[in-house]
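Listed below are the residues making up each chain.
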Amino acid sequence: MEYLLHILILIGIYVILSVSLNLIAGYTGLLSIAHAAFFGVGAYVAALMALKLHSPFLINILCAIILSGLVGALVGIPSLRIRDDYFVIATFAFQVITFSVLNNWISFTGGPMGLPGIPQPTIFGLRISSHGGFLVLVGVFCALTLCVTQRIVRSPFGRVLKAIREDEVFAQSAGKNIAAYKVLVFMLGAGMAAVAGVVYAYYISFIDPTSFTVMESIFIVSIVIIGGAGSLWGPVVGAIVLVTLPELLRFVGLPSAVAANVRQILYGGLLVAFMMWRPRGFLGEYAFQREEAGK
Amino acid sequence: MSGEMLEVRGLEKRFDGVRALAGFSCSLRPGEILGLIGPNGAGKTTLFNVVSGFIAANSGKVFFKDKDITGASPYRITNRGISRTFQNLRLIRQISVLDNVLLSFQDQPGEKLRNVFFNWRKSRERENANREEAIGLLEETGLAHKAGDPAEELSYGQQKLLSLVCCLAAKSEVLLLDEPVAGIAPEMTERILATIRGLPSRGRSVILIEHNLDAVMQVCDRVIFMDAGAKVSEGTPEEVRNDPRVIEAYID
Chain R
1 MEYLLHILIL IGIYVILSVS LNLIAGYTGL LSIAHAAFFG VGAYVAALMA LKLHSPFLIN
61 ILCAIILSGL VGALVGIPSL RIRDDYFVIA TFAFQVITFS VLNNWISFTG GPMGLPGIPQ
121 PTIFGLRISS HGGFLVLVGV FCALTLCVTQ RIVRSPFGRV LKAIREDEVF AQSAGKNIAA
181 YKVLVFMLGA GMAAVAGVVY AYYISFIDPT SFTVMESIFI VSIVIIGGAG SLWGPVVGAI
241 VLVTLPELLR FVGLPSAVAA NVRQILYGGL LVAFMMWRPR GFLGEYAFQR EEAGK
Chain S
1001 MSGEMLEVRG LEKRFDGVRA LAGFSCSLRP GEILGLIGPN GAGKTTLFNV VSGFIAANSG
1061 KVFFKDKDIT GASPYRITNR GISRTFQNLR LIRQISVLDN VLLSFQDQPG EKLRNVFFNW
1121 RKSRERENAN REEAIGLLEE TGLAHKAGDP AEELSYGQQK LLSLVCCLAA KSEVLLLDEP
1181 VAGIAPEMTE RILATIRGLP SRGRSVILIE HNLDAVMQVC DRVIFMDAGA KVSEGTPEEV
1241 RNDPRVIEAY ID
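Top line first, the protein sequences correspond to chains R and S.
Numbering of the first sequence is given in the working numbering, commencing with residue 1 and proceeding in unit increments.
Numbering of the second sequence is given in the working numbering, commencing with residue 1001 and proceeding in unit increments.
Everything labelled a hint here was simulated from the structure, so no lab data went into it.
For each residue, glycine too, the CB sits at the ideal point set by N, CA and C.
Worth double-checking, as some hints may not be accurate.
Said to hold, decoys possible - Quick partial rundown of chain S residues pointing at chain R, CB under 7 Å, derived from the structure: (1) T1078; (2) N1079; (3) S1104; (4) Q1106.
Let the hints inform the model, and build the full structure from the sequences given.
Structure (structure tokens):
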């Protein structure tokens, strides 16, 4: 039972991560592989505040969102000058830098030893300690993320995001300040990813840099692509499939030494297969294929 | 100063030694349709790119209603009231025809993030008003029955017409139309030209780039013939058509 709840909680965390990345990559077309970095910023901010300042959960999550949002703006700004593949590389660099900072700033982040002993959160006097409690917590944040995202993408604001994705030149000539939109959408996405980070940190009660690597970013990108970029529910489907699939492998009876490798192969294979035969994923309306460029 | 809608003074633009604009000057009067003709590479589209802010000129000035707008970013120029269409059609193909038009309205409060969460009643009211107006525009131009289709499903001519409707939705006072009827079937050409001809009565002024000389002669009040980035000849359509330099250029 606990195992099942654990899987559900993980799915919830990845739903938040992939829905927020979808806002950046799926709706606005800015493919970013820095999402695990925002996830990490959220987790570390909350963990450090909880451990060093003993501040309450809601304050920590608020600070994590704001801080991660500001970092998101920093990553969004290069997207104004560099495009497409080069932008992906820039986000990659940011991801690597974030990991290095977490891994090497030992006096502050604990380095590779991580931050153990994150206390259980208390919200409005309620201490959350059981798996069930965390599932409710994750569920609430998932619902909030989906509501906020739905509100955004169905608004005129969301229409501008899609316009930027499809044709920046047209969006500009329709009088839209695309620079402001790109930075804003990065702040939003990063802020939401921080929520996932905070919940993760409290849930696992121990964080170290290995949870926030490039591989993790790529995993989140895979969820978005396989689930369907640019659709509200696509990443939800993607998160369910990609989180449960490797767990199912456990029951096939593969020796654990092989299972880990098979998992990697499976992700890679799935991604290649989807890119070839179903680039829009399960539910997506946008495939990462750009044909136009220039003026 | 002069009461011109748009005034361009001494624009100079070089691309790696090629002078795309060589001290080009011209002005556009209120309610006028100005035709811009000339061989390929004469600098016509470059002029549009400079005026609409997509390219910075090396020197020279652009004035919109006597205000200097040289070097402003494209979105600001559109906000101020200059819209353009593109030679190689630009629309958001995946969203509906109606959404393309809705996207082109200026000052929709719902495009501000804070209004997505607060104040959304106001943006919804505006959205409804815009939608009504957009459908009206689509009806006038005969695209209303396609309003719900993705823009990519329109024919080439319909897409060109749609990009014109988008300029109308932006309520810009100056429209820069880059080859609005190039490569389009005759009856659609007629429809587009009729729409263009009606623009002055809506209070719009137009600069029209077009290779189809008949179309230019039909709709333009004044024509400029451009070559190698400079003005060669200017006058009524008749005068320009009979200018020997123009005849020579077109016979070549």
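Hint by hint, here is what the structure shows:
| no. | hint | result |
| --- | --- | --- |
| 1 | T1078 | holds (3 Å) |
| 2 | N1079 | holds (5 Å) |
| 3 | S1104 | holds (5 Å) |
| 4 | Q1106 | holds (5 Å) |
Hint compliance for this structure: no hint is broken.
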